[in-house]
Amino acid sequence: MSPWPEVEKPETNNCIGDSSKQNQNMSGKEGENHKGNVASLGNTGEIRPAFSTIALIDETRPEEDDPWALPELQDTGVKWSELDRKGKIIRVLYGIGKFIMLLGLLYLFVCSLDVLSSAFQLVGGKAAGDIFKDDSVLSNPVAGLVIGVLVTVMVQSSSTSSSIIVSMVSSTLLTVQSAIPIIMGANIGTSVTNTIVALMQAGDRNEFRRAFAGATIHDFFNWLAVFALLPIEVITGYLYHLTNAIVDSFHLESGEDAPELLKVITDPFTKLIIELDKSVINAIATNDESAKNKSLVKIWCVTESNVTEQNVTIPPSESCMSSDLCWTDGNTTWTIKNITETEYISKCQHLFVDANLPDLAIGLILLALSLLVLCSCLVMIVKLLNSVLKGQVASIIKKTINTDFPFPFTWLAGYLAMLAGAGMTFIVQSSSVFTSAITPLVGIGVISIERSYPLTLGANIGTTTTAILAALASPGSTLKYSLQIALCHFFFNISGIILFYPLPFTRLPIRMCKTLGNITAKYRWFAIFYLLVCFFLLPLFVFGLSLAGWPVLLGVCLPLFALFIAVIVINIMQSKRPHSLPEKLQNWDFLPIWMHSLEPWDNIIMSLLAFCGKHCCGFCKCCKVNTEQEGAKDKQLKTVEDYENNTIAMAEEGRGGRRAPAAASVDKPGTNNTAL
1 MSPWPEVEKP ETNNCIGDSS KQNQNMSGKE GENHKGNVAS LGNTGEIRPA FSTIALIDET
61 RPEEDDPWAL PELQDTGVKW SELDRKGKII RVLYGIGKFI MLLGLLYLFV CSLDVLSSAF
121 QLVGGKAAGD IFKDDSVLSN PVAGLVIGVL VTVMVQSSST SSSIIVSMVS STLLTVQSAI
181 PIIMGANIGT SVTNTIVALM QAGDRNEFRR AFAGATIHDF FNWLAVFALL PIEVITGYLY
241 HLTNAIVDSF HLESGEDAPE LLKVITDPFT KLIIELDKSV INAIATNDES AKNKSLVKIW
301 CVTESNVTEQ NVTIPPSESC MSSDLCWTDG NTTWTIKNIT ETEYISKCQH LFVDANLPDL
361 AIGLILLALS LLVLCSCLVM IVKLLNSVLK GQVASIIKKT INTDFPFPFT WLAGYLAMLA
421 GAGMTFIVQS SSVFTSAITP LVGIGVISIE RSYPLTLGAN IGTTTTAILA ALASPGSTLK
481 YSLQIALCHF FFNISGIILF YPLPFTRLPI RMCKTLGNIT AKYRWFAIFY LLVCFFLLPL
541 FVFGLSLAGW PVLLGVCLPL FALFIAVIVI NIMQSKRPHS LPEKLQNWDF LPIWMHSLEP
601 WDNIIMSLLA FCGKHCCGFC KCCKVNTEQE GAKDKQLKTV EDYENNTIAM AEEGRGGRRA
661 PAAASVDKPG TNNTAL
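With full-length UniProt numbering applied, the sequence shown corresponds to residues 1 to 676, in that order.
Since the hints were derived computationally from the structure, they do not count as laboratory data.
Fair warning: this is a prediction, and the values are worked out from it, not measured in the lab.
Certain hints may be false.
[Stated by the list, open to error] Simulated pairs of lysine-lysine, DSS-like, Cα-Cα distance not exceeding 30 Å:
1. K298 <-> K278
2. K347 <-> K292
3. K514 <-> K576
4. K383 <-> K399
5. K294 <-> K278
6. K480 <-> K292
7. K294 <-> K271
8. K383 <-> K278
9. K271 <-> K292
10. K576 <-> K522
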């Protein structure tokens, strides 16, 4: 009897050991049949099994789950129908309490983002103003682009960088054509906030995979839109001419202040922590030397300006506007001038109003505190959402957000999501706040990557409509320029959406962010590397080259860019049509392994973390615990693989031990006789 079940039909001669058929075949021509059997064995080498034991073992393995599939958040508690009246009341009260706690955590989360922006402005606000002072660099569109990225990352607010640009344009220090690349860079820099938020979900690999992909989809859209539209704008100037025609067609008048819906709620709390005088950054950018010694920290919140006529002395060489207003007293010439005096009435009420600390120290303190509050709120929000969004509630929310309309209106769902994203961003008045809020929802699997893409695009549109309203409330001197720059921002995002959304195959950011999500899930340190390179090192590198002039910038960047495009094309051809490439380029094995694999770098970083875990304390001990947990999982997987390999080896040994006697009784050389 064979140790494994038969897999062929019982009528066929699959088993060796049928004595009646063997005796019948051996009668008459026993020797000839024996020679034929030996010859057939010599030709085939061995008798292959009809069903591999490896396949039998593999059938018992569970299929690998799709890491991008939305997880089912099962409800592990007692069902509602099984609860008594007291239990139902307690569950309702728990639900209300969780909802109130969730609102409180969201409030602290938004406030911490506001304080984080203030901290970045204290640390790098004056440096950002100094960057804008070099007119020769700003006239270079590539340099203007990276300056927009750097300044927006420093101040953590695209509205602040936009206000600086408007001040410079209205002061004739910058033209609108030169300001457009800076606005494109500001659009990139504002997406760094939700990328930082995604780092807080690095504890779980699959959550981090989805959260980081959901955050960086904003980055990839902005970068792709810039790469496609910046050359077109430099060559044709279509954004400038379009917005100039729109602005000239209206008779503009200064309006009332734009509505600030979210600020009304958050300002009472954030103003107790810090208040900034943002006019200092604008003054530095507009070459006001007196602003360099001023602090960004606002001390007096209530002031009053009084204009009085005073007698002042003037040099004799200075001519008077009217002889009635000038007189001489000996060798001194006097005149009457209007003097503005500021009366300080009431101090601000924030924590640092009486602190004798430099702006940098205050900024670093607020940076640490805001990041701590931001991380804590995000962790608790994720845990609360995981406890609330279970069972039927989760399925309803997922179906509402992620379900498409039936054919032929499938395409409509994405555009409705875009409108929803624009509306929510208009309410909270910040695309960073909205995209940072949906990042943990993408991480826990409530919102899919495919649905987060139109939501993010809608956030881009929503923040530009807010800027347009703010521009309409500008003073008459800056109204035209601020409105034209806001419209440039709006039409830039609309052009990017036209390029990278309507047709499914043009939605490149989805594929790119999933690739990056897979990499960062395996090598989580790569997320920090990506953040530093895309938002700091690369812009600084290009900015440094731009200071040396156009020849150096083109001589260095063009070959690097051509190499980058060539690598992308070769990678695509290696996966799609490898035989069209030369044999050496069909893979990257001819390069050193550190040039085409992250594994050696991962080994180095893990070794450094292990060293840190042995000799450091605090956070590094947490890293060590996480590393040990990952090592335990890998060891467990290796043990399962060893067990399966031993099982296969034992099966092959057992099968090989029966082949010798089986060969002596094989019936016909042409039939499939297999010992199971």
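Structure-based check of all given hints:
no. : hint          : in the structure
1   : K298 <-> K278 : holds (9 Å)
2   : K347 <-> K292 : holds (22 Å)
3   : K514 <-> K576 : holds (18 Å)
4   : K383 <-> K399 : holds (21 Å)
5   : K294 <-> K278 : holds (11 Å)
6   : K480 <-> K292 : holds (28 Å)
7   : K294 <-> K271 : holds (20 Å)
8   : K383 <-> K278 : violated (37 Å)
9   : K271 <-> K292 : holds (24 Å)
10  : K576 <-> K522 : holds (24 Å)
Checked against the numbered hints above, the structure breaks only hint 8 and satisfies the rest.
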